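*Asks:* Going line by line, the protein sequences match chains A and B. Quick note, the first sequence lines up with residues 0 to 164 if you use numbering that gives the first Met the number 0. Quick note, the second sequence lines up with residues 0 to 424 if you use numbering that gives the first Met the number 0.
Hints were generated in silico from the structure; no laboratory data involved. This structure is a prediction, so every number in the text was calculated from the model and none was measured. All C-beta atoms in this analysis are idealised placements derived from N, C-alpha and C, irrespective of residue type, glycine included. Treat each hint with caution, since some may be false.
[Claimed, not checked] Chain B side only, calculated, beta carbon under 7 angstroms to chain A, not exhaustive:
id, residue
1, Ile40
2, Lys73
3, Pro393
[What the hints assert, rightly or not] Ranges between beta-carbon positions, derived for each pair:
id, chain 1, residue 1, chain 2, residue 2, range
4, B, Pro274, A, Asp46, 45 to 53 angstroms
5, A, Met45, B, Ile72, 46 to 54 angstroms
6, B, Ala43, A, Ile1, 25 to 33 angstroms
7, B, Ile72, A, Lys47, 26 to 34 angstroms
8, B, Asp282, A, Arg158, 15 to 23 angstroms
9, A, Gly51, B, Ala43, 52 to 60 angstroms
10, B, Pro274, A, Pro42, 17 to 25 angstroms
11, A, Ser125, B, Gly166, 39 to 47 angstroms
12, A, Lys112, B, His246, 47 to 55 angstroms
13, B, Leu234, A, Gln161, 43 to 51 angstroms
14, A, Gln145, B, Tyr258, 46 to 54 angstroms
15, A, Ser125, B, Pro274, 34 to 42 angstroms
[As the list claims (entries may be wrong)] Here are the simulated DSSO-like pairs of lysine-lysine, each with C-alpha atoms no more than 30 angstroms apart in a straight line:
id, chain 1, residue 1, chain 2, residue 2
16, A, Lys159, B, Lys151
17, A, Lys30, B, Lys47
18, B, Lys73, A, Lys160
19, A, Lys160, B, Lys320
20, B, Lys155, B, Lys7
21, B, Lys47, B, Lys70
22, A, Lys47, B, Lys155
23, A, Lys138, B, Lys155
24, A, Lys133, A, Lys160
25, A, Lys160, B, Lys70
26, B, Lys73, A, Lys138
27, B, Lys317, A, Lys159
28, B, Lys151, B, Lys161
29, A, Lys160, B, Lys151
If you want the building blocks of each chain, they are given just below.
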Amino acid sequence: MIYQGRAWKFGDDIDTDAIIPARYLNTSDPKELARHCMEDADPEFMDKMQSGDIIVAHKNFGCGSSREHAAIAIKAAGISCVIAGSFARIFYRNAFNTGLPILESDEVAAGVKSGDQLQINSADGSIENLTTGKIFQAKPIPSFMQELIDDGGLMAHVRKKQLQG
Amino acid sequence: MAMTITEKILASHAGYDEVSPGQLIEARVDIALANDVTAPIAIAEFEKLGIEKVFDPQRVVLVPDHFTPNKDIKSAEQAKIVRDFSRRQGLTNYFELGRMGIEHVLLPEQGIVLPGDLVIGADSHTCTYGALGAFATGMGSTDIAAAMATGKAWFKVPESIKFIYYGTPGPWVEGKDFILYTIGRIGVDGALYQAMEMAGDAIAGLPMYGRFSMANMAIEAGAKNGIIIPDDATLDYVRGRSQRDYHLYTSDPQADYAYVMEIDVAQIRPQVAFPSLPENSRDVAEAVEQQIVIDQVVIGSCTNGRIEDLRLAARVLKGNKVAPYLRLIVIPGTQEVYLQAVREGLAELFVEAGAVFSTPTCGPCLGGHMGILAAGERAVATTNRNFVGRMGHPDSEVYLSNPAVAAATAVMGRIASPEEVVTGN
């Protein structure tokens with residue numbers, strides 16, 4: 000898959016409370032959750048971002064809670080992909096289970112500014128900063144995990160397989 | 000092949016003689032857990048599979064503890080989804096208000112999780128059960144949904160780090176201080192994707208409540224699980240609570256570790272983690288020096304809501320009053336802890352000191368309800384996280400400590416050491 004959009008840059012240790020504050024967790028409606036995506040990291044994020052945009056962060060993105068609401072909120076907000084130096088373990092798993100594409104790369108985190116236009120090829124892991132012309136290489140998303148993302152998450156994927164018999 | 004306790008539990012549940020770090024396995028789970036925030040998504044995902052019944056109604060555990068007693072209509076609707084599903088599925092271990100508690104205090108107390116178990120929970124602090132010598136880890140709702148259906152989950156076998164704690168701790172130094180100090184050393188991603196095995200003579204001498212605090216916060220270093228090899232203290236705790244057989248695993252002396260870190264607990268003073276990461280831990284003396292005025296103190300949570308934690312707070316509060324303009328909220332972890340606190344006269348002592356004594360809830364820890372901070376306010380809490388906005392307004396601040404430091408702070412109105420309040424320890 001090719002993902003293209005503007006980068007929104009964040010720092011180290013962006014935790015799940017910053018991604019979706021617990022005060023909004025009295026619902027699990029993706030649209031409601033999306034309205035508050037990244038609110039405690041950048042209160043204006045949802046006003047500024049556009050569908051297809053990309054979150055770029057440094058180390059340990061998604062640390063903290065197991066709340067799948069964090070991956071759901073980012074995906075429902077219209078973010079096409081998250082690139083970080085590293086991901087917290089539970090968030091990493093939740094991203095694939097909910098169909099949110101993520102890529103690990105220290106170099107991208109260091110070589111991209113907010114507003115840069117990025118193009119990502121998830122199959123070979125190449126990431127081009129269209130604004131600066133710089134090309135980066137992340138580990139590609141394995142094809143079975145990309146399939147899971149394309150189907151919209153683990154359960155949708157399992158269901159599709161069941162229907163295919 | 001020599002294996003760690005983590006590897007042995009994973010191997011046994013996957014039906015292998017041995018496993019090694021990095022290996023992907025599918026393993027049987029003993030308990031799959033979720034709460035009122037994470038279960039509604041798990042239930043919705045479970046129902047997408049079109050499977051009628053959960054794999055075992057005794058092994059799917061649902062505890063509505065985050066927004067309960069329900070704070071508003073939306074949270075009541077969430078709790079109702081959990082209640083209706085539990086009734087429909089005939090779950091043995093659904094805990095209604097009045098019998099419920101904070102999940103990670105409740106499950107060990109009720110003997111639902113046991114040594115050698117493989118437990119997954121849709122709550123990051125599921126790692127608490129490592130204190131019993133279980134492999135326990137947090138996952139998202141979808142993984143729990145899959146486990147509810149199949150009784151299995153996939154795992155990447157983690158590398159282990161061994162932390163050897165030795166020496167004798169000084170006054171007012173608790174398990175909470177050991178772990179805050181450790182996270183301060185290795186950072187909030189210091190054990191990312193790894194297992195934290197906690198060992199040494201200082202752990203052998205550490206009571207169970209302190210071990211629960213330590214395993215509970217393994218996730219705050221990014222760890223997959225925290226674990227302590229079971230000993231006599233574990234068996235004393237489990238005896239009389241266990242509802243089924245359990246297995247005691249140990250690490251082989253020749254087992255491989257990513258590295259071994261030795262920590263002399265005699266060097267550890269009561270710790271305070273400054274905003275806004277648990278890794279910002281410092282000696283309480285540093286906070287005392289800075290004269291940090293506090294608006295609210297919360298004593299409780301899955302980290303420090305056990306009876307021994309309340310006794311510690313009571314020792315400091317005895318004969319004292321909560322400082323003017325400071326709110327002290329004390330929350331027992333379960334109904335059993337609550338009842339014990341009443342029987343021992345702790346509840347009376349808290350109320351007389353000027354504290355709020357609440358029914359069990361996770362409420363304030365995650366900024367849910369029962370103690371939310373306004374902009375500019377500061378709290379000291381015995382909870383596990385002090386992220387931005389964790390207990391309320393994004394411009395509020397949370398400092399983490401053990402219950403004795405928290406209680407001393409409540410008396411002094413600023414971050415304080417227990418020694419300032421109690422003399423002749």
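*Asks:* Next step is simple, just say for each hint if it's right about the structure.
*Replies:* Outcome of the hint check:
no.: 1; hint: Ile40; result: 5 angstroms, holds
no.: 2; hint: Lys73; result: 4 angstroms, holds
no.: 3; hint: Pro393; result: 5 angstroms, holds
no.: 4; hint: B:Pro274 x A:Asp46: 45 to 53 angstroms; result: 26 angstroms, violated
no.: 5; hint: A:Met45 x B:Ile72: 46 to 54 angstroms; result: 24 angstroms, violated
no.: 6; hint: B:Ala43 x A:Ile1: 25 to 33 angstroms; result: 31 angstroms, holds
no.: 7; hint: B:Ile72 x A:Lys47: 26 to 34 angstroms; result: 32 angstroms, holds
no.: 8; hint: B:Asp282 x A:Arg158: 15 to 23 angstroms; result: 54 angstroms, violated
no.: 9; hint: A:Gly51 x B:Ala43: 52 to 60 angstroms; result: 27 angstroms, violated
no.: 10; hint: B:Pro274 x A:Pro42: 17 to 25 angstroms; result: 18 angstroms, holds
no.: 11; hint: A:Ser125 x B:Gly166: 39 to 47 angstroms; result: 52 angstroms, violated
no.: 12; hint: A:Lys112 x B:His246: 47 to 55 angstroms; result: 53 angstroms, holds
no.: 13; hint: B:Leu234 x A:Gln161: 43 to 51 angstroms; result: 45 angstroms, holds
no.: 14; hint: A:Gln145 x B:Tyr258: 46 to 54 angstroms; result: 35 angstroms, violated
no.: 15; hint: A:Ser125 x B:Pro274: 34 to 42 angstroms; result: 39 angstroms, holds
no.: 16; hint: A:Lys159 x B:Lys151; result: 20 angstroms, holds
no.: 17; hint: A:Lys30 x B:Lys47; result: 19 angstroms, holds
no.: 18; hint: B:Lys73 x A:Lys160; result: 34 angstroms, violated
no.: 19; hint: A:Lys160 x B:Lys320; result: 64 angstroms, violated
no.: 20; hint: B:Lys155 x B:Lys7; result: 14 angstroms, holds
no.: 21; hint: B:Lys47 x B:Lys70; result: 29 angstroms, holds
no.: 22; hint: A:Lys47 x B:Lys155; result: 38 angstroms, violated
no.: 23; hint: A:Lys138 x B:Lys155; result: 18 angstroms, holds
no.: 24; hint: A:Lys133 x A:Lys160; result: 39 angstroms, violated
no.: 25; hint: A:Lys160 x B:Lys70; result: 40 angstroms, violated
no.: 26; hint: B:Lys73 x A:Lys138; result: 41 angstroms, violated
no.: 27; hint: B:Lys317 x A:Lys159; result: 62 angstroms, violated
no.: 28; hint: B:Lys151 x B:Lys161; result: 28 angstroms, holds
no.: 29; hint: A:Lys160 x B:Lys151; result: 18 angstroms, holds
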